[in-house]
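Trainee: Residue numbers (my numbering), protein chains in the order written: chain A, 31 to 185; chain W, 57 to 482.
Treat the hints with care, since some could be wrong.
[Claimed, not checked] Think about it this way: if two alpha-carbon atoms lie no more than 20 Å apart in a straight line, the pair counts; the simulated SDA-like pairs of lysine to any residue are:
| no. | chain 1 | residue 1 | chain 2 | residue 2 |
| --- | --- | --- | --- | --- |
| 1 | A | K133 | A | A159 |
| 2 | A | K156 | W | T73 |
| 3 | A | K156 | A | V180 |
| 4 | A | K133 | W | D426 |
| 5 | A | K162 | A | V62 |
| 6 | A | K156 | W | A448 |
| 7 | A | K162 | A | N69 |
| 8 | W | K78 | W | P68 |
| 9 | W | K78 | W | Q90 |
| 10 | A | K156 | W | G428 |
| 11 | W | K78 | A | I123 |
| 12 | W | K78 | W | T473 |
| 13 | W | K78 | A | K127 |
| 14 | A | K156 | W | P68 |
| 15 | A | K156 | A | A128 |
| 16 | W | K78 | A | D33 |
| 17 | W | K78 | A | D146 |
| 18 | A | K156 | W | G77 |
| 19 | A | K127 | A | R117 |
| 20 | A | K133 | W | N76 |
| 21 | A | K162 | W | Q90 |
| 22 | A | K162 | W | C437 |
| 23 | W | K78 | A | Y157 |
| 24 | W | K78 | A | N69 |
| 25 | A | K162 | A | G73 |
| 26 | A | K133 | W | G77 |
Just so you know, the hints here were simulated from the structure itself, not pulled from any lab data. The structure displayed is predicted, hence computed values, not measured ones.
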Amino acid sequence: MSDLEQMYQQVILDHARARHGAGLIELDGPAVGESHQINTTCGDEITLRVALDGDSISAIRWEGQGCSISQASASVLAELLEDADLRTADQTIEAFKALMHNKGVALDDERDDLLDDATAFVGVGKYPARIKCALLSWVALRDAIARATVGTEGA
Amino acid sequence: MQTLANVRQDFPILDRTVRNGKPLTYLDSAATAQRPTRVLDAVAEFERAHNGAVGRGAHMLAEEATEAFESARESVARLVGAREAREIVWTENATAAINLVASGIGNASQGIGGEASAGFRIGPGDSIVVTQAEHHANFVPWQQLAARTGATLRWIELDGDGRLILDQVNSVVDTSTKVIAFTHASNVTGIITDVAPIVARAREVGAFTFLDACQSVPHIPVDFASLGVDFAAFSGHKMLGPTGIGALWGRGELLDALPPSVFGGGAVRTVTLEETTWHPAPTRFEAGTQPVAQAVGMGVAAEYLMDIGMEAVAAHERRIGHILREGAAALPGVRLLGPVGDVNRQDVLGLAAVVVEGVHAHDVGQVLDDAGVAVRVGHHCAQPLHRHFGVASSARASSHIYTTEEDAHLFVDVLGTVRDFFGVGA
Chain A
31 MSDLEQMYQQ VILDHARARH GAGLIELDGP AVGESHQINT TCGDEITLRV
81 ALDGDSISAI RWEGQGCSIS QASASVLAEL LEDADLRTAD QTIEAFKALM
131 HNKGVALDDE RDDLLDDATA FVGVGKYPAR IKCALLSWVA LRDAIARATV
181 GTEGA
Chain W
57 MQTLANVRQD FPILDRTVRN GKPLTYLDSA ATAQRPTRVL DAVAEFERAH
107 NGAVGRGAHM LAEEATEAFE SARESVARLV GAREAREIVW TENATAAINL
157 VASGIGNASQ GIGGEASAGF RIGPGDSIVV TQAEHHANFV PWQQLAARTG
207 ATLRWIELDG DGRLILDQVN SVVDTSTKVI AFTHASNVTG IITDVAPIVA
257 RAREVGAFTF LDACQSVPHI PVDFASLGVD FAAFSGHKML GPTGIGALWG
307 RGELLDALPP SVFGGGAVRT VTLEETTWHP APTRFEAGTQ PVAQAVGMGV
357 AAEYLMDIGM EAVAAHERRI GHILREGAAA LPGVRLLGPV GDVNRQDVLG
407 LAAVVVEGVH AHDVGQVLDD AGVAVRVGHH CAQPLHRHFG VASSARASSH
457 IYTTEEDAHL FVDVLGTVRD FFGVGA
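From just these sequences and the hints, can you work out the full model?
Mentor: Here it is as structure tokens:
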């Protein structure tokens with residue numbers, strides 16, 4: 031498998047086309063947070079909404095424009111973390127960040143299990159210019175969760 | 057005498073390999089060009105043997121450094137048709153050169169420079185005109201100057217090909233206009249601006265003209281005095297020189313009247329506790345220690361280009377541009393930004409910015425990179441221009457004297473595989 035094929039694994043190309051959680055609808059619930067992130071190097075952007083139900087994520091919806099890496103990453107994230115509890119979501123976000131900064135090498139089994147389909151992004155770590163593309167939605171999710179949580183505390 | 061035939065051997069970086077040992081095909085010269093050995097050696101030689109404080113001290117090294125610094129200014133002046141070397145002001149880069157003029161006008165508008173600078177004053181009721189084709193560096197400083205002074209910012213729009221709508225020069229520019237800032241050549245479409253009608257209109261209404269010459273000076277013959285503009289900016293690193301150095305050209309009498317915007321030592325004639333007076337140009341704008349080795353390198357780059365001859369450089373890049381543009385435009389699902397088909401190639405630079413239907417520019421760049429082809433992806437600091445074409449980003453291949461026809465063909469060939477790789481289209 032060439033570096034290029036390792037970067038654009040089939041699961042990534044599939045997610046870039048059939049995108050989970052795509053389409054920004056109004057979310058109901060006591061704790062909803064939204065985050066807008068821009069990749070300043072290319073102008074790509076994402077708006078991501080998250081709804082919390084107690085200690086777990088009940089819905090993730092997003093809308094964005096960007097490369098196949100950023101679109102697929104948002105799709106995998108939505109599929110993986112919808113219905114996840116916040117602790118698992120936090121560990122998964124951290125694991126994905128670690129994977130991106132691991133220079134194209136897989137992580138340990140425990141974190142691989144957490145990441146599931148998201149391990150397909152391992153090849154992106156070899157390309158520093160593309161790491162931001164892959165991370166964009168994950169940064170948005172973390173921010174949206176924080177906003178949703180603040181919203182609850184303030185209510 | 058340097059000729060184009062053997063020019064590649066002057067650029068050692070072109071011999072290196074990139075991804076998986078593939079030979080480098082460098083098609084990102086509009087972002088930054090590579091440097092010939094002559095420039096690299098001149099910078100090293102200055103540091104090794106002649107470094108001293110420019111314009112200060114009476115020792116031999118100081119004299120040699122001053123001589124090298126000023127002779128570099130003369131070389132750059134000759135390249136761009138300056139009437140005298142003092143019309144060249146060293147700046148950190150082209151962006152700094154544009155900001156130097158915009159901030160100087162802002163300072164004049166607040167009374168700095170006194171009556172001598174009164175001709176630059178602008179304020180509410182006045183207008184500044186830019187174009188939709190501008191790089192952000194020749195857009196944001198003017199937008200901010202308008203905000204700072206209360207003047208209005210206006211812009212000239214583009215037609216479907218990305219050319220300036222020249223009729224708008226007469227409607228958008230009027231007697232309220234004090235500055236017209238426009239690019240000499242677009243870094244996205246490659247279109248070379250017809251400067252004459254804009255300068256003629258500026259003269260009718262008494263406006264200053266500022267030319268962004270970043271993409272013209274490295275690639276085509278340029279003579280600012282003949283073009284009739286008042287100020288122009290260009291950078292060292294796009295014309296085969298080092299980074300960290302650029303230049304402002306301005307008419308001597310205007311430079312002498314424009315107040316500085318960076319204040320410090322070296323630029324001043326007299327300093328009392330109450331007030332400061334400045335040297336004439338260029339010294340008034342060169343406060344603080346300058347990037348001397350970089351200036352020397354830019355001077356040698358100018359000499360190198362003049363040895364080859366800018367007509368020869370332009371003719372070579374037109375051939376490369378033809379392959380890039382016609383080749384890309386002929387591919388299914390590939391859109392060339394800018395004029396397509398039967399264009400007068402005399403007025404387009406040797407570059408091609410493309411959009412591949414259904415594939416993001418970053419992904420296009422990645423496939424090219426995998427084949428060793430280095431291109432620029434993104435909005436190329438020209439968001440209003442991309443918006444004009446209804447796209448967010450593009451992938452751009454751009455040439456210089458060392459670009460071969462094989463390089464251009466490889467770009468087109470690999471570009472042709474992109475949609476297949478991503479499973480888009482037939």
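Trainee: Each hint needs a verdict: does it hold in this structure or not?
Mentor: Hints, one by one, checked against the model:
Note on K133/A and A159/A: the hinted pairing holds, with a Cα-Cα distance of about 12 Å set against a maximum of 20 Å. For the given pair, K156/A sits about 17 Å from T73/W by alpha-carbon distance, which is consistent with the 20 Å threshold. This hinted pair does not check out: K156/A and V180/A have alpha carbons roughly 36 Å apart, beyond 20 Å. A threshold of 20 Å between alpha carbons decides the hint, and for K133/A with D426/W the separation of about 17 Å falls inside it, so the pair holds.
Simply put, K162/A and V62/A have alpha-carbon atoms about 25 Å apart, too far for the 20 Å limit, and the pair is violated. Proximity of K156/A to A448/W is assessed by CA-CA distance (about 25 Å); at most 20 Å being required, the pair is judged violated. Of the supplied pair hints, the one linking K162/A and N69/A holds, its CA atoms being roughly 7 Å apart against a limit of 20 Å. Of the pairs offered as hints, the one joining K78/W and P68/W holds, with about 16 Å between alpha carbons and a cut-off of 20 Å not exceeded.
The hinted pair formed by K78/W and Q90/W meets the criterion: a straight-line CA distance of about 18 Å does not exceed 20 Å. A threshold of 20 Å between alpha carbons decides the hint, and for K156/A with G428/W the separation of about 15 Å falls inside it, so the pair holds. Restraint check for K78/W and I123/A: the C-alpha separation of about 35 Å exceeds 20 Å, so the hint is violated. The hinted pair formed by K78/W and T473/W meets the criterion: a straight-line CA distance of about 17 Å does not exceed 20 Å.
Taking the CA atoms of K78/W and K127/A, the gap is near 30 Å; set against the 20 Å cutoff, the hint is violated. This hinted pair does not check out: K156/A and P68/W have alpha carbons roughly 26 Å apart, beyond 20 Å. Between K156/A and A128/A the alpha-carbon distance is near 13 Å, which keeps this suggested pair within the 20 Å criterion. Straight-line distance between C-alpha atoms of K78/W and D33/A comes to about 13 Å, which keeps the hinted pair within the 20 Å bound.
At most 20 Å may separate the alpha-carbon atoms for a hinted pair to count; K78/W and D146/A exceed this at roughly 33 Å. Distance restraint check for K156/A and G77/W: the Cα-Cα separation of roughly 15 Å lies within the 20 Å cut-off, and the hinted pair is therefore satisfied. With a C-alpha separation of about 16 Å, the suggested pair K127/A and R117/A falls inside the 20 Å cut-off, and the hint holds. A distance of roughly 16 Å separates the Cα atoms of K133/A and N76/W; the hinted pair therefore holds under the 20 Å criterion.
Proximity of K162/A to Q90/W is assessed by CA-CA distance (about 27 Å); at most 20 Å being required, the pair is judged violated. Between K162/A and C437/W the alpha-carbon distance is near 18 Å, which keeps this suggested pair within the 20 Å criterion. Between the alpha carbons of K78/W and Y157/A the distance comes to roughly 16 Å, so the proposed pair stays at or under 20 Å and holds. With a CA separation close to 29 Å, the supplied pair K78/W and N69/A exceeds the 20 Å bound.
Proximity of K162/A to G73/A is assessed by CA-CA distance (about 11 Å); at most 20 Å being required, the pair is judged to hold. In summary, the hint linking K133/A to G77/W is supported, as the alpha carbons are separated by about 18 Å, within the 20 Å threshold.
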